[in-house]
Amino acid sequence: MTTLLKISNNTYEIKSINAISCSLKRKNLSADELTIEVLENSPIAQSVYDSKIELWQNNRRTFAGRISKILNSNMHDKQSVKIIAKNAFNELSQIIFQQPINYNGVIDTTQRYRSKVILGATSNGTKKSIENTAKEILTYAISKGADFQIGKIDIDNDLLFDECIDITCADALCKILRWAPGCAVFFDYSVNGSPAINIQKRSSLKDVEIDTTAGNVKQYSANRRDDLVINAVEIKYERTNKIDNNTYLDYLEDVYPEKLTDARKTIVMNVELAGSKTTSQTNVITTEPIRPDLKSWWKKHVSLLADLDDFEIIQTSRNGNLPNELTEGSITEKMNCSVETDSITGEFSYRDENDSEVRKTISIKMVTTSASTGTYNWHSLKEYAEQPLANLAKTIYQATSMLQFEGNIEILNTNADLYFGKNISINSKTKNIVDKMPVYFVEENLFTKTINIKFGPPKHLYPDDISELFRINRSRTISTLSVDFDTGIIRPSTIVVGGKTASTQNQDISTNYSRFVISSDMGKIDINSNDVPNGDTAKLNEVLVCYNGALCSAKIISTTPELV
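Okay, so the sequence shown: first residue is 35 according to our numbering, each after it adds one.
Just so you know, the hints here were simulated from the structure itself, not pulled from any lab data. Given the structure is predicted, the values throughout are model-derived calculations rather than measurements. Careful: at least some of the hints might be erroneous.
The calculated label-pair distances, taken between Cβ atoms and stated as ranges, are [what the hints assert, rightly or not]:
#	residue 1	residue 2	range
1	296	448	42 to 48 Å
2	77	304	57 to 63 Å
3	47	421	33 to 39 Å
4	459	100	33 to 39 Å
5	421	116	26 to 32 Å
6	38	259	27 to 33 Å
7	560	340	23 to 29 Å
8	409	238	56 to 62 Å
9	184	75	40 to 46 Å
10	361	558	56 to 62 Å
When the alpha-carbon atoms are kept at most 25 Å apart in a straight line, the in silico SDA-like pairs for lysine to any residue are as follows [unchecked claim]:
#	residue 1	residue 2
11	86	54
12	40	100
13	329	355
14	116	44
15	235	280
16	169	127
17	558	345
18	162	345
19	399	342
20	103	178
21	116	38
22	59	225
Idealized CB from N, CA, C, for every residue including glycine.
With these hints in hand, go ahead and build the complete structure from the sequences.
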């Protein structure tokens, strides 16, 4: 078997680097490690931190990562250098997961991010599956420099909202996968380009059979974990909803199997969901009918007309047609009624205090509406209520009710790639010892050509005793920001909201006199347009007069002269 080591742009045969030891550890939901110890005169002894490194076995890449640690040591009369490299999962633990900022309901086009994140939520506040949340986390890590590609992900479970602050991509991934017990996370190094990270449920992993009677099995152990077999799962959802200052409790249960007869070894989880927050809004308005055909209506709106004993309405007109005037309050969209600003115009005739006959045009601008006087109430949603996960109890039960085996097996003359990320079955002659248990750890010694396989409940995904199962929900923080995804801001509680507010404005458009009278104690001047011949106009005309014995010109108000 040819084993090659590639560091940066250099390639070495493993037997040519003066290696003392070389081992490869493959881990589930943790960083794979390649550890090489060489003498100080080795060509790789001067390797640099963070250099890229790859391991190739029989023309197949079996590891890719970066040098994460270099240790120097002395042993008797020899000095050695230990080089430890970790794969791209280590980069996930170096990057803080962030989500795009929403501003006023729009994702910021400048791509600004915040480290206060909500796992399991889409940009508009709806639920997101574990698969899509994992892809979001991994895609973000890749965009920030992590060297891997996304492979197979088939975890379709939904996820409860979980608010986190300053959490690494690795921790975020671990958090969401707690809701999918028994899944496996591993890297495929054989693909072209960067290694591919795969997240698969146990049932979709490939199966590998191992015969203990074969000559390459050095030793094995397998222990039944009857203590991990669960009888039932009972999830109690609590959701506190608020309407103004009043609190209402929703209580939901998800039990599987539905007929629970034995409470022993039952997982009981109390899950707090984010409740809705609603504010009651009240709007009081006063309206009056619009009647421009009535003198009393005009008197109420125009002070000039209100002071007159009498007047005549010659004609009226308006731009709109809504029936009522808004006199107090405001009209909002939530009231579900029409509103507009209207102009109502009237032409009037009347006699003033001097007995002049006046013709005046007046326009009123006001807010008109189809609403009537009354109190309008409605509820405004401030925060959405989080919904429970469908069939969560069944999902957890199916992953925890089967008999588990835990143990290890040591095999000669093979490599880790054949077993890691797979289910193994161990058989001895005609006896089945272990049936389809996931492999969560493999250590390969490249010098002795042996591998040590550990199988059973994965340590990073699955609790190793019954008490841990009861803590699956303890580290979750519920989110109360679901509405922020939609709006970008927190909506304030409001009693009366804005809109079209009552307003009236009068405008004196024109004034005409049919008879103009000027009076004083000495007498009066009376100019009556009715005395002017039909079609003629009385105006200032120039006439010649005899003044103090001389011929002079003067301007007098007269009609057009006519022959007598």
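Numbers of unmet hints, in rising order: Those not satisfied are hints 3, 5, 6, 10, 15 and 18.
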